[in-house]
Amino acid sequence: MLGSQSVLRRSKKHVTDPPIRVVDPAQPVAASVEDISRAIPLAPVRGVLADINLTGALDVSSNCGGQILTSGGPLADPAVISIDWESRTAWVAAGATLAAISDDLLNAGWSLENLGGPSRITAAGALSLGISGPFGTRSGSIDALPNKIQFVDGRGERRQVVKKGTDVSNLLAVVGALGLTGIPTAAQVAIRPVSSGWMLVDSRRCETFEAVCQALEAPSPESYAYARIDPTGFGSQAGRGTVVVGRHAKVLELPEIRRPDALTYVAHAPNKAVATLPLKVGSHSGARAVQGLAHRTTAPLRRDQLVPLASFFHSTADARIESKRATGSLTYEFAVPTHKADVIGEFLSRLAQLGGVGDHATLQRCVRSVSGPLSMTVTGWLFSIELASDVPGLGRMLDEWDERVCAVGGQVLLATDARIRPEMLAAMYPGLSRWEGLRDELDPGRHFCSDLSRRLKL
Amino acid sequence: MIDGVGNVSSVLVVGADNQLCLATVDRLVGPRLAEVYLLDSSSLSLSRGSKRVREFGIPNVSDIAYRTGDSASLREIIAELFAKSDIDVVLIGPMPHPPSSVMDTPSSTQMSDSLRRGLMDTSLLAELCAQAITAQGHGVLCLLTHSPSKKAGKRTDQDREYCASMAAFNLLAPAIAEQAAGSDCRVVCVAIDPAKDPHAFTTESARRSTLSPLDAASEIAPVIVSRRKRKPYEVVALPSSIRGAAGKLRPTR
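From first to last, the protein sequence lines stand for chains X and F. Residue numbers for the first sequence follow this note's numbering, so the first one is 1 and each next one is one higher. Residue numbers for the second sequence follow this note's numbering, so the first one is 1 and each next one is one higher.
Heads up, some of the hints might be wrong.
Unchecked claim - Distance condition first, Cα-Cα at most 20 Å in a straight line; then the derived SDA-like pairs of lysine to any residue:
{"id": "1", "chain 1": "F", "residue 1": "84", "chain 2": "F", "residue 2": "61"}
{"id": "2", "chain 1": "X", "residue 1": "457", "chain 2": "F", "residue 2": "59"}
{"id": "3", "chain 1": "X", "residue 1": "457", "chain 2": "F", "residue 2": "60"}
These are calculated hints, taken from the structure and not from any lab test.
Turn these sequences into a full structure, and let the hints guide you.
Put into structure tokens, the structure is as follows:
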């Protein structure tokens, strides 16, 4: 239909099955594009939002009192509609989860070029939130963007936006638009050939923030890099962490026992107890002890560790989702320009002074050659941390930090935001008026709403 | 809606002069709290309450008076309020009958008037608010009640009608909670020991051994804004400590 070769789902035994989509029986399911077109104009007063399979976990994916429209049937299965070997692209169903898409692509020896975020998020969600994974050589470039996106706009009309060479302005109406301009139904995304579903991972423990930054600044080609930061470091050790660099393993690099199943998708199953432990401990000193121990017991240097593809790309985001569900934590994610990396160390010191408990802190480089009006536009460092929400004074501290980040030319990311003030938006996102124009064109009736859009008065 | 760090943007207070409700609003004040609606049947209570809330630094305070026993107007008021904007927290604290007030109707007795004011109207308002927060999909409904106690109303300086209303309200709380059935909706039932409720006594000397409203609010507010996994219906017993129960806690602010 849309590509040159159809993909047949092979029946095989998974080591662990991909996460199952949880559908709320009270919410409608659209089995076709026509169903979506019909549902949008009939949306209730509090609007409609595409189900990205993270309802309740993020403000951007929740619509309290409104409708969550789940894409089912052929909009979710098969996950991969077709693969075009020549252009290295695949048409994927927007209602399918990244795990299901990766599973199908791996069967055929391919992987998504831009892989990251929670494994259970749908392709529609990944596109709408502009999700990107660990920093790779092609991160943030035009190549990493989808070629075509089919979506239904706020009038219920079917549309297709296409990348024309370096002109991606059309695509940016959907990519990173926070699900408020349309509901994607299918997308033609960039893929890369792989010979196994495993990553070869090198990790190095660094005792200073400068050492972490230096290690991340020198990536090897065809690799992805990020750092797990220990949020308990203070003084000269603030921002210490472990730098993780991974590359796709070739089949001959696998041990012989794994070679027959090299292209088997091994789903990531987060260990709920471990993922939520520091935030569940509750006390600042207890959490510090747990995290400090975790950092000190990490091997100083580890080479060529075999890690399943899903664990490498999704483990942190999956752990954050578990943490949110179990402890009600919030994500604070901000980007600062390259020469302002010291702001991150200061943030961690300030958090320690406040007695805040953080977990799943990561740092990675970010390069943005193209981005949507509400996406990250900063080239520099992207820092994310999961914070226990019930620390006295945390709200005021984060408000101050929003201003600090904004003053140095940085941005707090909206996709994971749970608390930013609406008045900070215009200062952080100069493309806001452009986005409002796009929204007026695509959703004049304001049918698409989310908790985030209501809080930020978008 | 209540944001990730527990900031509240709008509060509805039913019982504008209730010291516990006002102290809880004081504890909820943050950079996002922009709108407070006060609802009461007494214009005197409304003016006192709104003056107090303005002192907290909240820019927009709206006073809304309702007529006792007029269920149609109550429905209209709640529908209008929730249609205007989302309300994050609803605090409902019945007030004792003013000692020298005139009865609403010539045929009513002080007891019947007090029960109607304290119980019928309040429980209807609570039910309407529960339905409204269910429709908006998020919100916390906080009900101030009395924990069942054998000693309640036995002292001569206690307001018996008020204690009876509050105890009955406590019994109704689970039924009201059933009306708030949204995934992000919660009902917090604050069960105050009648011997520690400052509104339950008619004499100043008896009030001295009761709970400080600000101390009580310090217990209630964190439960309202907490993001930790909470049950849809929670009971907060006050005073929560033996020291508080012994009456050794005095206003500290």
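Results for each hint:
1. 84/F to 61/F: Holds: residue 84/F and residue 61/F sit about 14 Å apart, inside 20 Å.
2. 457/X to 59/F: Judged against 20 Å, a Cα distance of about 19 Å means the pair holds.
3. 457/X to 60/F: holds (18 Å)
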